[in-house]
Amino acid sequence: MSYTVFDPSSSGHEVVVPTAPDALALARRLATEGAGEPIITGGEGWVFTIDEFEDLVRS
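Numbering (numbering that gives the first Met the number 0), first residue to last: 0 to 58.
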């Protein structure tokens, strides 16, 4: 399943990545580089913060 990571510091900037670990790594990088916390969405309409997504990836 692919995931989309939205960068809140850049209006309209989103990146689609193929795996959950890729999405988490990108979101973490964006969080350290920009202003605000990235939002991660899944293919079935799920919306996650970094902390929520990290818990999902660990389980």
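Treat the hints as calculated values from the structure; they're not laboratory data.
One or more hints might be untrue.
[Stated by the list, open to error] Between beta-carbon pairs, the in silico distance windows are:
1) SER58 <-> SER10: 30 to 40 Å
2) ASP21 <-> GLY44: 16 to 26 Å
3) THR48 <-> SER1: 29 to 39 Å
4) THR48 <-> MET0: 30 to 40 Å
5) SER9 <-> VAL46: 11 to 21 Å
6) THR31 <-> SER10: 14 to 24 Å
Beta carbons: idealized from backbone N, C-alpha and C, even for Gly.
Legend entry - Verdict for SER58, SER10 (Cβ pair) under range 30 to 40 Å: 33 Å, holds
Legend entry - Hint check for GLY44 and ASP21 - Cβ pair distance inside 16 to 26 Å: Since ASP21 and GLY44 have Cβ atoms about 19 Å apart, the given range 16 to 26 Å holds.
Legend entry - Assessment of proposed distance window 14 to 24 Å (beta carbons of THR31, SER10): 20 Å, holds
Legend entry - Range agreement (Cβ of SER1 with Cβ of THR48, hint 29 to 39 Å): 19 Å, violated
Legend entry - CB-CB spacing for VAL46 and SER9 relative to the 11 to 21 Å hint: Roughly 18 Å apart at Cβ, these two residues keep to the hinted range, so it holds.
Legend entry - Hint check for MET0 and THR48 - Cβ pair distance inside 30 to 40 Å: About 18 Å separates the Cβ atoms of THR48 and MET0, which means 30 to 40 Å is violated.
The structure shown violates the earlier hints numbered 3 and 4.
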